[in-house]
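Residue strings, one per chain:
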Amino acid sequence: MSTMIHAVYPVKADDYTFAGEASTDIKRKLKQLGVDSKVLRRVSVASYEVELNLVIHSDGGELIMDVDEGGVTLISKDVGPGIPDIQMAMREGYSTADEEARSLGFGAGMGLPNMKRNADDFSIESEVGKGTCITMRFNLA
Amino acid sequence: MTIQDIVNVLHAKVLCGEEKLSLPAKTACCSDLMSDVLAFVNEKTVLITGLTNPHVMRTADMLDLKCIVFARGKVPTDDMLEQAEEQGLIVMTTKVTAFTACGMLYEAGLRGVPIDWPKEGEA
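Chains as they are written, first to last, in our numbering: chain A, 7 to 147; chain B, 302 to 424.
Calculated directly from the structure, the hints in this document are not laboratory data. Small disclaimer: the values here were computed from a predicted structure and weren't measured. Quick reminder that beta carbons are idealized off the backbone N, C-alpha and C, glycines included. Since no wrong hints were added, every one of them can be taken at face value.
Heads up, simulated SDA-like pairs for lysine to any residue below, C-alpha to C-alpha not over 25 angstroms straight-line: (1) Lys327/B - Val45/A; (2) Lys18/A - Asn354/B; (3) Lys35/A - Asp365/B; (4) Lys345/B - Gly40/A; (5) Lys367/B - Leu39/A; (6) Lys375/B - Glu386/B; (7) Lys83/A - Thr141/A; (8) Lys18/A - Ala103/A; (9) Lys44/A - Pro325/B; (10) Lys18/A - Ser132/A; (11) Lys396/B - Ser109/A; (12) Lys396/B - Glu408/B; (13) Lys44/A - Leu324/B; (14) Lys122/A - Glu344/B; (15) Lys37/A - Leu324/B; (16) Lys122/A - Asp337/B; (17) Lys367/B - Arg123/A.
What follows is a set of in silico ranges between Cβ atoms, one per label pair, in the way DEER data are often shown: (18) Glu75/A - Asn343/B: 20 to 30 angstroms; (19) Glu408/B - Asp91/A: 40 to 50 angstroms; (20) Lys18/A - Thr303/B: 38 to 48 angstroms; (21) Asp127/A - Glu408/B: 36 to 46 angstroms.
Non-contacting residues of chain B with respect to chain A, defined by C-beta distances greater than 10 angstroms in every case (computed): (22) Thr303; (23) His312; (24) Ala313; (25) Leu316; (26) Gly374; (27) Leu382; (28) Glu386; (29) Gly389; (30) Ala399; (31) Tyr407; (32) Gly410; (33) Gly413; (34) Ile416.
With the rest of the complex left out, here is chain B:
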């Protein structure tokens, strides 16, 4: 699947990074909890979220993520989009809820990002 396929499946509107839609998308994760994203996401994946604050972009930057999907029609501020553009992120918004977006993408073949479980006894 490519990012363009995600746009098609979700009938999403691309807000920035349009020139990169041919990039491949192997996995995705969905969370409003950036703490969890920072703790468990260990590869360049697609982030689906309902949270729109600059820390979503910042979290994506620290993890080298390449694509963020905002669910339930949410649109980040112009400042956030500017930040995303600088970081080279692809940002899109879809009208469906995060749950539905995940379901549609799963049905289309996209799978969850594999996570590293902490070892037994480890903090």
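Pulled out of the complex, with its shape left as it was, chain A reads as follows:
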């Protein structure tokens, strides 16, 4: 299927001021495309969660959006530090977020399970010392 939109957003570690800018732009682009509001909402929530995770937990990375006729693919790639126990990280309520993230209303350990819930397909790969890659697919049909 041909790609309709390909967008790459660099996300800096600990940059709480701009956290959410990428997701805002993703939402705007999909809205312009006329994506159904329910799907749009699921993509927006998952995108914001994954963007916040990059800011809170990673050493920096990027968020990539690809849109084709069948759906939206969101990929989050970072340069570390990697997740030692993915099963634990996927558990609701489990969080390693610091005080700053918590003071802003995040770090409740809902991020990864919430992404999984909102996406039609969700996969996560991680290697300690290397980084984490999350791929989410949202069907448009």
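With chain A fixed as given, assemble chain B onto it according to the hints.
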């Protein structure tokens, strides 16, 4: 109930979105934990919070919420209000605490937002 009714019940001061007060308000949720709001809120509802940082506006935007009530007299910064205006949000502040605001609105007939419980065995 309309948003205007919420303003009346809470003796709230509207900070932006005054032209939209006739919109209906069926449900509300109250949380300072945006993680929870992002995880459980599944309809366009009213958010009551004591948290004033730009991520409250951002969370509301991602979820398509239309109205935020800041409790205990808290007022967001001008930047936040500008952001809210761009998003088309209605923002108000009330002097009562979040607990009291919820109680007053419940008494007036407003109910909690229904939430999706995760299925058994699901993360």
